[in-house]
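Given chain Z, work out where chain S should sit, using these hints.
Chains as they are written, first to last, in this note's numbering: chain Z, 1 to 461; chain S, 1 to 50.
Hints are computed from structural coordinates only; laboratory data are not their basis. Backbone N, C-alpha and C define an ideal beta-carbon position, used for all residues, glycine too. Among the clues, some could well be false.
To be verified - Rough simulated footprint, nothing fancy, chain S against chain Z, three-plus residues with beta-carbon under 8 Å:
1) 67-75
2) 93-105
3) 142-151
4) 162-171
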Amino acid sequence: MLGLFKKSKLQSWQEYLILGFGLFFYLFTHLWMWFEYGMAGFGYDTGIYRHHILGYFNSPGVIPFGFSAFSNWLMLFGDSVYTIMFGWYLLISVFILLALYIVVKKYFQSALVALLAVLLFVSSIVQFEFFWWYYYRQFLTLFFILLAFLFIHYRSYLLILILLAIGIIHPLSLIPLGLSLIVYLFFADKKTRKFLFISGGTSFILLLVLNWRELLVYAQDFLHYRGLAENFAQAGYHEFTGQFIGWGDWLRYSAFYLPFGLVGLVRYFKKQKLLTIFLLVNILLILFKMVFYRRFFVFVDLALIIFVAVFLRDVWEKVRGKKHRLLIHIGIVLLVVVCLGRATIHVVNKKPLIYPAELESIKSIPDLVTDSDYIVSINSKYSPWLYGYSDKKVIAPGLFEYNQWNKEEWNKFWYTGNNEVRLEMLKEYDMSPMYIYRGGTNFNLGSEGVYINRFLLRVNL
Amino acid sequence: MSFLIIFLLGLSLVYLFEKDKFKSFEYVELVVVSFGVGLCALVVFGVVVF
Numbered sequence: 001m002l003g004l005f006k007k008s009k010l011q012s013w014q015e016y017l018i019l020g021f022g023l024f025f026y027l028f029t030h031l032w033m034w035f036e037y038g039m040a041g042f043g044y045d046t047g048i049y050r051h052h053i054l055g056y057f058n059s060p061g062v063i064p065f066g067f068s069a070f071s072n073w074l075m076l077f078g079d080s081v082y083t084i085m086f087g088w089y090l091l092i093s094v095f096i097l098l099a100l101y102i103v104v105k106k107y108f109q110s111a112l113v114a115l116l117a118v119l120l121f122v123s124s125i126v127q128f129e130f131f132w133w134y135y136y137r138q139f140l141t142l143f144f145i146l147l148a149f150l151f152i153h154y155r156s157y158l159l160i161l162i163l164l165a166i167g168i169i170h171p172l173s174l175i176p177l178g179l180s181l182i183v184y185l186f187f188a189d190k191k192t193r194k195f196l197f198i199s200g201g202t203s204f205i206l207l208l209v210l211n212w213r214e215l216l217v218y219a220q221d222f223l224h225y226r227g228l229a230e231n232f233a234q235a236g237y238h239e240f241t242g243q244f245i246g247w248g249d250w251l252r253y254s255a256f257y258l259p260f261g262l263v264g265l266v267r268y269f270k271k272q273k274l275l276t277i278f279l280l281v282n283i284l285l286i287l288f289k290m291v292f293y294r295r296f297f298v299f300v301d302l303a304l305i306i307f308v309a310v311f312l313r314d315v316w317e318k319v320r321g322k323k324h325r326l327l328i329h330i331g332i333v334l335l336v337v338v339c340l341g342r343a344t345i346h347v348v349n350k351k352p353l354i355y356p357a358e359l360e361s362i363k364s365i366p367d368l369v370t371d372s373d374y375i376v377s378i379n380s381k382y383s384p385w386l387y388g389y390s391d392k393k394v395i396a397p398g399l400f401e402y403n404q405w406n407k408e409e410w411n412k413f414w415y416t417g418n419n420e421v422r423l424e425m426l427k428e429y430d431m432s433p434m435y436i437y438r439g440g441t442n443f444n445l446g447s448e449g450v451y452i453n454r455f456l457l458r459v460n461l
Numbered sequence: 001m002s003f004l005i006i007f008l009l010g011l012s013l014v015y016l017f018e019k020d021k022f023k024s025f026e027y028v029e030l031v032v033v034s035f036g037v038g039l040c041a042l043v044v045f046g047v048v049v050f
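Extracted from the complex, chain Z is given alone in its bound form (with noise of 0.2 Å):
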């Protein structure tokens, strides 16, 4: 690889090897739970997917959700939910990983920044969690702000359609986003602010024009309680953190770069306005615990990893006398090499949420179940794949529409030795008989639980 760069332009052959190389590895890490585990494999919102995907179909009247704009045409097209799940899932991280090369390249007018940047995405874990745990709609729009980016740089009008279908598909990632173009229009020039207040106006006035019940419905929680993920899990929402790393985690995979992104941000933070705000806007965003704000993680990922590829471009390229020139550039293969063998071990070391078994035999229970429409799940890992596969209402601690119990009254009924307070505590629900995915955990109901299967119970009551 050393010799690849003997030149001081790369070649487009040498761009479109170390490009393919990194899509291969970026489709290795993202194939290999999928082979092991098939659709288990993936992470926790995968259930819930599935249920939306479907759900515009089964379900009319409800207020639509904004993914189902995406979902919907596919299914009109002709694609089954299952190639929209996957197929199309793998696809928007192919495009995720070209469209980053591509920004990249136009911002930094070099390729070898696009290409280190694109080697560093395809080795980050914090990247490969975001696309193992399946934030569909986030991982949709992580493309869609990238394009944004582009479109940004190009001074174009069809950032209008872009942060639209931003502020469709999942508003959340729009907050950052557009509260970085605010900054900006501080620090831009005159052209671009012109520019910027048209394209941000417009579309905030379209969005809301189009989109108003859905964000209605947020903007209703999101008032209540300040916008903060700790007045959500106060009254027991504690998914609304963001379901997603921390400060430790994020730390710990991103510990060989993060200094290198530091250094690169210095140097580069008044030729990057855009990109440094956008950065620390996310920063902010996690200090302030604003509602779901693990998922900006993702983001500040992103414009790190890309100000570490402009660090260690310019080290590359600056560094004099061949002696150190060699041990420099010797330096940063190893720097990628570490990151790529870090990424390798922590993907092939992943275990699922649920094993392929729990999921066939959570397929099954349309088949199995025919006398009730409820479904009440014992552990909450198995809540969205029987929301999504089961066909059934599910009943689930802490999640959906159907639970009754709070968090002291599940403690109860999963820590009680006593059957018969379980019983008694079931009977609540007045249905009969109910049904128990019990999954691979050791809950039983002793003599009054009748095993469907070894995953399955059903009571009479």
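Frame of chain Z; chain S shown alone:
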């Protein structure tokens, strides 16, 4: 098939609105931008239709 529809929609929109820049896009950039614009257009239209 759906990818093709989205890509061609995006390509048309990019050509329509950015005729000047259209010829200067690299191939990878044109594919990414066209697909992205097509997807966004579909989403925006979808929120009206659905």
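Evaluated hints:
1. 67-75: holds (count 6)
2. 93-105: holds (count 5)
3. 142-151: Our answer is that it holds, as 4 residues pass the Cβ test (under 8 Å) against chain S, meeting three.
4. 162-171: holds (count 5)
Checked against the numbered hints above, the structure violates none of them.
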